[in-house]
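From first to last, the protein sequence lines are chains F and U.
Per my numbering, the very first residue in the first sequence carries number 1145; after that it's consecutive.
Per my numbering, the very first residue in the second sequence carries number 1145; after that it's consecutive.
The set of hints was computed from the structure by calculation and includes no laboratory data.
Some hints could be false.
Just so you know, same-sequence chains aren't split out, so a pair can sit in one copy or run between any two.
Claimed, not checked - Calculated cross-link-like contacts (lysine-lysine; reagent style DSS-like; alpha-carbon spacing at most 25 Å): (1) Lys1314 <-> Lys1241; (2) Lys1164 <-> Lys1314; (3) Lys1307 <-> Lys1241; (4) Lys1215 <-> Lys1383; (5) Lys1163 <-> Lys1307; (6) Lys1314 <-> Lys1163; (7) Lys1314 <-> Lys1165; (8) Lys1324 <-> Lys1373; (9) Lys1403 <-> Lys1371; (10) Lys1214 <-> Lys1415; (11) Lys1370 <-> Lys1397.
Residues per chain, in single letters:
2 protein chains.
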Amino acid sequence: MTCVIRLLEEIRRTAHYIKKKGKTIGFVPTMGYFHEGHLSLFRRARKEADVVIVSLYVNPAQFAPQEDFKKYPRNFKRDLELAQGEKVDYLFCPTDKEMYPQPFSTFVSNESLSSVLEGKSRPAHFRGVLTILAKLFHLIEPDVAYFGQKDYQQALIIQKMIKELNFNLKIKVLPTVREKDGLAMSSRNLYLTPSERNRARTLFSALQQGRDMVSSGIRNSTEIFKKVKSCLRRTPGIKLDYLEMVDPETLEKIKEVHKRALLVGAIWVGKTRLIDNLWV
Amino acid sequence: MTCVIRLLEEIRRTAHYIKKKGKTIGFVPTMGYFHEGHLSLFRRARKEADVVIVSLYVNPAQFAPQEDFKKYPRNFKRDLELAQGEKVDYLFCPTDKEMYPQPFSTFVSNESLSSVLEGKSRPAHFRGVLTILAKLFHLIEPDVAYFGQKDYQQALIIQKMIKELNFNLKIKVLPTVREKDGLAMSSRNLYLTPSERNRARTLFSALQQGRDMVSSGIRNSTEIFKKVKSCLRRTPGIKLDYLEMVDPETLEKIKEVHKRALLVGAIWVGKTRLIDNLWV
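For reference, chain F alone in the conformation it holds in the complex (with noise of 0.2 Å):
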């Protein structure tokens, strides 16, 4: 049974308690709307933990103000449903009042990676993650938190922040879980309409072909993202955002392949902005 808890002080004082009684806790900071992608998260943490807390939130600090935060999907009955089905213990789901009382005004941030890629389509972005994601460890003291490939940009800057401020857990970055046409799981695929979802599979098949060239021996990135591009420019409606070959470690653009790289890209699909990235 799911146990929810909306308060701040109850699940710190649950937490606290389980900490006390020598229990690990596993943790996946999410924004609800789950799917497969979220699923694989709490399996992972239920495999590995003696306690699974999943936090429900969706976090208005990593919104800009003309982004979908309104319009973001919400169905609480459905996911403590699925948290539920995966054995979840914890769902945490606090109030925007209690999470940024006004004046609100202390802000964590990544002063280095957070200004290309997503950074640079969403400058606000990152330094919103960090404070919540700084806020939830505090309230939950996990000893493991659990996120996706799909946003490994994220997950990179987080890792720094754990290592950085000293933070006293663990990340794990599981893979990407993906639709049978190969399409990122993402909340945000819910605003597709038909024919949108059809053509964002192209993103997925675009990356799977630069990473294909890699593969072949082909190292020159412009190279690369001329193919890729013109892959993506075939399917009509669709908008690249940003196309690049990074380091893993620095994000800094790679012009020459000759180690691991990360193949990331993000473009619109009508009104909706996908991401998705290939090891390479």
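Position chain U against the provided structure of chain F, taking the given hints into account.
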């Protein structure tokens, strides 16, 4: 016997062991060169907590390039003896290399309270203070951390961080300890030549005059500043940095004093910058 710890994993393990035994930790973060102000914090911690941990670390992140990081007074042997005299249990003296592994990119900032007063004169100062404290709090897990009222703005910004980022600890702010002539104790007083030292007390006595004016019923801050400034001007070799009457919660300027306010000032005495404040 005060135990000296230099390694991050050692202080984390030590603190964790103390907490596991159900004991409380009183923590005083310092930059060393202890004076009676520091010692008053050690004594309070000794009185209230089972175990007292003091950190001694001149934090480079809170100094601007042109500031006094290099010449900031350091004397480990003297500090260790003073800590021992106050029965401090652990003195934590980390290295820059462990505290700021390069490249370092994650910072904690207060985005509204750190642009006025000290923050105006020292733009990245509070970002450095909050970042090092977040690190120390994560390593040491204190129940209570102690600060001095002399650095009022710092104490306020730290309290905001604790509350807004949901750190699980209490902050206590203890009264400013003064020399016989009223000069607020500060490690930087060491920089003063005997003649400068004589003139330095004028900051306190000028603020006192301002406080007395409020006590006598004068409410207008412009009128109060006029008197305080003329008092400072009478002492040669003193340069005013700032003088303000502020709301103790928001640090907003107050024109007419009708409730508890803080009279704050910073001056240059030669090449030394001194700060002080008084409740009015």
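Okay, the hints, checked on the actual structure:
1. Lys1314 <-> Lys1241: between (29 Å within a copy, 22 Å between copies)
2. Lys1164 <-> Lys1314: both (19 Å within a copy, 20 Å between copies)
3. Lys1307 <-> Lys1241: between (30 Å within a copy, 13 Å between copies)
4. Lys1215 <-> Lys1383: within (21 Å within a copy, 56 Å between copies)
5. Lys1163 <-> Lys1307: Classified as both; 21 Å inside a copy, 22 Å across copies.
6. Lys1314 <-> Lys1163: both (15 Å within a copy, 20 Å between copies)
7. Lys1314 <-> Lys1165: both (20 Å within a copy, 23 Å between copies)
8. Lys1324 <-> Lys1373: within (23 Å within a copy, 75 Å between copies)
9. Lys1403 <-> Lys1371: within (21 Å within a copy, 69 Å between copies)
10. Lys1214 <-> Lys1415: within (14 Å within a copy, 54 Å between copies)
11. Lys1370 <-> Lys1397: Close inside one copy (16 Å), not across copies (58 Å); limit 25 Å.
No hint from the list above goes unmet by this structure.
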